[in-house]
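Chemist: Residue numbers (our numbering), protein chains in the order written: chain A, -6 to 306; chain B, 91 to 388.
Among the hints, a few may not be true.
Partial selection, computed: residues in chain A whose CB lies under 8 Å from chain B [stated by the list, open to error]:
hint	residue
1	45
2	104
3	107
4	147
5	149
6	153
7	282
Just so you know, the hints here were simulated from the structure itself, not pulled from any lab data.
Fair warning: this is a prediction, and the values are worked out from it, not measured in the lab.
A virtual CB, placed ideally from N, CA and C, is assigned to each residue, including glycine.
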Amino acid sequence: MIRTLVWIAAIVAASAIAFVLGGYATDVYRKMLIWIALALSYNFLFGTAGQVAFSHFAFAGVGAYGVVILSTKLGLPFGVAFIGAMALCALIAFIVAVPSTRLEGFYLALATLAFAQLFTVLINEGGDLTGGTGGIAGYSLPSIFGLQLRGPWYTVVLVLLVAGTLLLLNRLDKSSFGRACRAIRENPAVAAAMGINVRRTKVITFTLTSTLAGLAGVAYAYTDNVINPPVFGLENVFLLLFMIIVGGMGRPLGAVVGAILLYLAPFFLEPIVGHGYLVIFGILVVLAILYQPAGLAGLIDRSLGLLRPRGQS
Amino acid sequence: MEDFLELTVSATASGCIYALMALSYLIVLRPTSIINFAIGEWAATGAFVGVGVLTTLLWPRLDAPYPVAVAIVLVVLGLLGWAVERLTVRPLVKRGAAVTSPILALLGVLVIFRETLTLLFGADPFPSPPPLGYRRLEIGPFAGAPQQFFIIAVTLTIFAGVWYFFERTVWGRAFEAVAINRRAAALMGINLGRVTALAFAAGAAVAGMAGLLISPLTSAHYMMGLPLAIQGFTALVIGGVGRVEGALLGGLILAFAEQLGARYLPIPSGLTLAFPFSLLILFLLLRPTGLISPREVR
């Protein structure tokens, strides 16, 4: 009961912010929410399930390009285009997952990296359909059931996207499925011996989180009403990976903290060190892996632990 | 036919570069099981160090002869590789962290190297002077830029040296022993830490040479690293991670597939960029051990 109230209060508060922000701040806030949503699903894939995949932004791109092409180029109603884009994401993710989750360790990363690069080449060369290097612009979100989601109300949709992703993945994390994922991450052979279907769990995790990335991609498509290839390239996947490592692998709290920190840091660092903030990110990642594998979430735990009497958590 | 022979020279030269990158992966991967994705940035560093020494970019009086540049690239990159191993990999191995930890830490190292290059040299490409000049060179029926022949000759020399090291020297056998069984090798008195450090230093030096060799054809550029890292890895997967010859074979196959495809297949030129990625996916899924399988343990 109290947990539910806390959730509702948090959603209301995060939504209320949308109504007081100015134009530029709204843009920053919206992008931050999308980064958090992506970091949450990526955290489940990489942190909880231990699958190092570089395809997360490619799937966001499948969602974004899918919904825009289906609704503007093919003229489908938005609801149909949305469901179609999600189905496309799930289908492609499944097709990628079935063979590539057979690969061990970092080979999965390289197969998904090849897939992500392939996707970038295709949307760059897609001619009229994908708009080539310039991407697609000049569309807008149609009204849904007569509702026009504009201005702060669209930001509320993004807040709900984050909350929905968080709720779903939290549920999953605490279920037997989440425990199976952790067991596979720690030792696939032992997990299999315990009766966990390793292949199926891996495929489901990859498909589900990649589809969630696609959902965030759809949300991104109507944030600026423009999509182009560089957004869905490798650079952003690296940043996403760094957010999880710095925030704390396998912890939703870590994903949120890491995403907020690394997304907002450039706004403060760029005036001081210019492009050098990326060097700082690199150093942060190396330091986190060396000295603080639990990330910022681990630090938060420890500082809360000092305040709380022992044995309570 | 003339066209085809010219293509052969250029494909062999690019194949040699891919092969050197694959070799750099292999030298680190064999004894440590670590896929070091930062070697692309090490190649870029090698290119910038080379350009810096060969021209007056760094210092007005530096305008060194080519062998000096080669020596400096080898030493600087070797030291960098050694330092990276000491600072990031060794503490993790000592702590017994998961295998992916050093790989992820090396991704951080990748970003540090690339952005430092950007900060030092800016985003503009720097032309690199070729050691043999620009005049077209013809050897028998083969014709091409002298740099292409130079790349082929140097690569074959490096491969011969590395092959000799692995097959004929005690140190090379120690590497192989560590690759086959770390624990047993350690019990036999092989110093694991020293092997790992040497592997990183040698891998970095080879990658730096690849960067220096390709820079006259592409210029030294801060974004040159990642494509080289991906192509090198594709070459490695095609050839197989077990043997030195595999790296050379994989590099050549990749380059020929790329260039023959771009020249003769009726598809838009942009799509030929998809070639290495498709090959990589195919090989990972169908033949993950590569074309040349590792020698059986005797």
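Chemist: If a hint holds in the structure, say so; if it doesn't, say that too.
Modeler: So, going through the hints one by one against the coordinates:
1. Residue-level restraint check for residue 45 (chain A) holds (minimum Cβ-Cβ distance to chain B is 6 Å; threshold 8 Å).
2. Interface hint status for residue 104 (chain A): upheld, as the beta-carbon distance to the closest one in chain B is roughly 5 Å, under 8 Å.
3. Checking residue 107 (chain A) against chain B by beta carbon gives a least distance of about 4 Å; that is within 8 Å, so the hint holds.
4. The beta carbon of residue 147 (chain A) is not positioned within 8 Å of any beta carbon in chain B (closest approach about 33 Å), and the interface hint is therefore violated.
5. Of the supplied interface hints, the one on residue 149 (chain A) is violated, with its beta-carbon coming no nearer than about 35 Å to a beta-carbon of chain B, more than 8 Å.
6. Here the hint on residue 153 (chain A) is broken, as its CB sits about 32 Å from the closest CB of chain B, past 8 Å.
7. Hint on residue 282 (chain A) holds. Least Cβ distance to chain B is approximately 4 Å, under the 8 Å limit.
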